[in-house]
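These protein sequence lines are chains X and E, in that order. Residue numbers for the first sequence, in this note's numbering: 33 to 397. Residue numbers for the second sequence, in this note's numbering: 33 to 397.
No lab work stands behind these hints: they were computed from the structure. It is possible that some hints are incorrect.
Keeping only pairs whose Cα atoms sit at most 20 Å apart, straight-line, the calculated EDC-like set for lysine to aspartate or glutamate is [claimed, not checked]:
| no. | chain 1 | residue 1 | chain 2 | residue 2 |
| --- | --- | --- | --- | --- |
| 1 | X | K168 | X | E321 |
| 2 | X | K185 | X | D115 |
| 3 | E | K306 | X | E211 |
| 4 | X | K53 | X | E107 |
| 5 | E | K388 | E | D92 |
| 6 | E | K306 | X | D324 |
| 7 | E | K306 | X | E263 |
| 8 | X | K306 | E | E381 |
| 9 | X | K301 | E | E263 |
| 10 | X | K168 | X | D285 |
| 11 | E | K106 | E | E117 |
| 12 | X | K306 | E | E135 |
| 13 | X | K168 | X | D317 |
| 14 | X | K306 | E | D167 |
| 15 | E | K306 | X | E117 |
| 16 | X | K301 | E | D324 |
| 17 | E | K301 | X | E109 |
| 18 | E | K306 | X | D137 |
| 19 | X | K284 | X | E321 |
| 20 | E | K284 | E | E321 |
| 21 | E | K53 | E | E381 |
| 22 | X | K306 | E | D317 |
| 23 | X | K185 | X | E117 |
| 24 | X | K185 | X | D285 |
| 25 | E | K306 | E | E295 |
| 26 | E | K301 | X | E117 |
| 27 | X | K306 | E | E321 |
| 28 | X | K284 | X | E109 |
| 29 | E | K185 | E | D285 |
| 30 | E | K168 | E | D285 |
| 31 | X | K301 | E | E321 |
| 32 | X | K168 | X | E117 |
| 33 | X | K164 | X | D151 |
| 34 | E | K301 | X | E321 |
Quick caveat, the model's predicted, so the values are computed rather than measured.
2 protein chains.
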Amino acid sequence: MNVLIVGGGIMGLSVAVELAKSGQRVTVLERSIPGAEASSAAAGMLAPQLEMSHPGPFLDLCLRSRGLYPAWAKELEQRSGVDVEYVESGSLSVGFTEVEAHELDSQVAWQRAAGLRADFLTGAELRRFEPKLSDKALAAAYHPDDHQVDPSKLMKALSIAAARAGALFRTGYVRSLVEENGRVIGADVDGERLTAELVVLAAGSWSGLVAGGHVDPRVVKPARGQMVGLELRQPPTRCFLMSHSGYVVPRKDGRVLCGSTMELVGYDKHVTAKGVTKILSAAMDLVPELADASVTSTWSGLRPWSQDGLPLLGDSGVPGLLLATGHFRNGILLAPITAKVIGQLVRGEKVSVDLKPFRGQRNPS
Amino acid sequence: MNVLIVGGGIMGLSVAVELAKSGQRVTVLERSIPGAEASSAAAGMLAPQLEMSHPGPFLDLCLRSRGLYPAWAKELEQRSGVDVEYVESGSLSVGFTEVEAHELDSQVAWQRAAGLRADFLTGAELRRFEPKLSDKALAAAYHPDDHQVDPSKLMKALSIAAARAGALFRTGYVRSLVEENGRVIGADVDGERLTAELVVLAAGSWSGLVAGGHVDPRVVKPARGQMVGLELRQPPTRCFLMSHSGYVVPRKDGRVLCGSTMELVGYDKHVTAKGVTKILSAAMDLVPELADASVTSTWSGLRPWSQDGLPLLGDSGVPGLLLATGHFRNGILLAPITAKVIGQLVRGEKVSVDLKPFRGQRNPS
Chain X
33 MNVLIVGGGI
43 MGLSVAVELA
53 KSGQRVTVLE
63 RSIPGAEASS
73 AAAGMLAPQL
83 EMSHPGPFLD
93 LCLRSRGLYP
103 AWAKELEQRS
113 GVDVEYVESG
123 SLSVGFTEVE
133 AHELDSQVAW
143 QRAAGLRADF
153 LTGAELRRFE
163 PKLSDKALAA
173 AYHPDDHQVD
183 PSKLMKALSI
193 AAARAGALFR
203 TGYVRSLVEE
213 NGRVIGADVD
223 GERLTAELVV
233 LAAGSWSGLV
243 AGGHVDPRVV
253 KPARGQMVGL
263 ELRQPPTRCF
273 LMSHSGYVVP
283 RKDGRVLCGS
293 TMELVGYDKH
303 VTAKGVTKIL
313 SAAMDLVPEL
323 ADASVTSTWS
333 GLRPWSQDGL
343 PLLGDSGVPG
353 LLLATGHFRN
363 GILLAPITAK
373 VIGQLVRGEK
383 VSVDLKPFRG
393 QRNPS
Chain E
33 MNVLIVGGGI
43 MGLSVAVELA
53 KSGQRVTVLE
63 RSIPGAEASS
73 AAAGMLAPQL
83 EMSHPGPFLD
93 LCLRSRGLYP
103 AWAKELEQRS
113 GVDVEYVESG
123 SLSVGFTEVE
133 AHELDSQVAW
143 QRAAGLRADF
153 LTGAELRRFE
163 PKLSDKALAA
173 AYHPDDHQVD
183 PSKLMKALSI
193 AAARAGALFR
203 TGYVRSLVEE
213 NGRVIGADVD
223 GERLTAELVV
233 LAAGSWSGLV
243 AGGHVDPRVV
253 KPARGQMVGL
263 ELRQPPTRCF
273 LMSHSGYVVP
283 RKDGRVLCGS
293 TMELVGYDKH
303 VTAKGVTKIL
313 SAAMDLVPEL
323 ADASVTSTWS
333 GLRPWSQDGL
343 PLLGDSGVPG
353 LLLATGHFRN
363 GILLAPITAK
373 VIGQLVRGEK
383 VSVDLKPFRG
393 QRNPS
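Only chain X is shown next, with the shape it has when bound in the complex (with noise of 0.2 Å):
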């Protein structure tokens, strides 16, 4: 089948990949460079244990696909040549006052009660376990199943396998896609048209722009997220960890990333003196001697903030037109998910997820 991917990020990429791989003629459209945005920018945690406050077919669909990257990353390595640097780590959530900790330990028994590995550290087992971690931390939630990979390596890889599986890439602008007869036949791209027997829209924070895309901008923007990377000597932690104010990512290399905000400023990419403060200050508290790590950039990206918090998977409305965008902060989790189910959509297979939360005609609220 002749599929145009209308977006070059990490669900692009990775549809493509997929597409490719079982002999479909795939072409990805990017505006600029393959991985540009928000792919890029991310800190690479695959972490749904992490965060998420309660379960659902959403951490359902975030479980599945942590339970797919360890092979995923594999065949992607063996398929490009890059180390995509998938580690192992384990993730500590950290509490520094009392409520905190009491939510962690609520966390921890609904995640073990959902047969998930979880373990709750009061202030003196976290320290033993991370000795660098804030004496101020109270108590942390453990787990031991969540880790990360290197986004930009990731990207890389995806870029290498997917043309080496025969993918074409095409830098352009999507004006719109082209409709007949109530279905999608392909896209505008630059003022040609260009045919195809189905488009896959994922375009992320950019998704609502797409004229004939059937994605709501109201329901899809993009929600800023700054980040300060720093550098040590070593690693200061196993764990990346996170708090209510912050989180800290150390690669193996030294380098320590430190994110985040959330803000919903339109596409804005500027890096800002209050986010790099609230930043660097929720990183210092969590691991004081991050204070005399050197700080070696700042950047930020555009997370494809979906209304509801869930992605835009499959099912578009229309004939001819797949979706695959609205991912927020877990794209780079949810990649290897959606790739699957996009290649089963694709080739007329069972789909192994219940795709009905994440169909694209949600309306807005």
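Following the hints, put chain E in place on chain X, whose structure we already have.
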């Protein structure tokens, strides 16, 4: 006279212009690029009244230099064609507590008694004068005669003016000065011996590392100052601002330079998480709207701290060697007077400043 100047920073180039234009044969020795270090990292406040806590010969030296600035800047602009952005902005020292307000009141009192222009402003007066200042500011001291310059532009202008006046530039490491019969007669540059009738040591924080330079490395040390560059559509205030925690220097192009730290950490020029957080917090405390300003750059410079806070200016105690170093936080401000007195010494003229407090042979305490 044939003069070697060790160091192509603000002091080396200011002296080079002064000497070359009066007909000396000048060679500037610089290991990298003129202005590569502290000179270009500075904020460019010409502000002896802003921080100075007491009268004395150092304040007098600073005031003399400030008085020379308008004509000096104009001459440099004419010689180089570069606008050094000398702006008569005025400065505000801002207090947030009753104790600080009282200190500012006393500061204004002694400065006025010394014949300087200074005004004490209450919080309400301050916000009428600078509406963007924080509501939390209780008082300020206004110094209409403190001004500013752009240090990068100044370095560019000096570099052009020096070359046009006939100064030569030579890249290389000065391994040591060369002495014969108790007199400095030149320098060893990368193994080559250059001779001169006079050597001027103007190597800033690196002065104590020049073998035979007669500057004790315990007396002149690098003091790291970190900086953060912000950007707004327009300058938030007319004056530049200082509190007990930091300073904010708006430039007319919308850049806002924020500083700084004071760290004796050797030659480590890293920008740290703690430094950036301190600087941004101080800036946002002064001008709350800076919270949303874009963070465009971070950098640091190594100020040549001197043990007693005074520069080493003029006599080194050894014939053939003059000093122009240890200017600490006031290098940009003190450039014109430094160039002037070194010029007078070289030409054998009467020196217009009593240099006794600044002679090189003060012992480390």
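May I ask which of the numbered hints given earlier this structure violates, with the numbers listed in increasing order?
Numbers 3, 8, 10, 12, 15, 17, 18, 26, 30, 32, in rising order.
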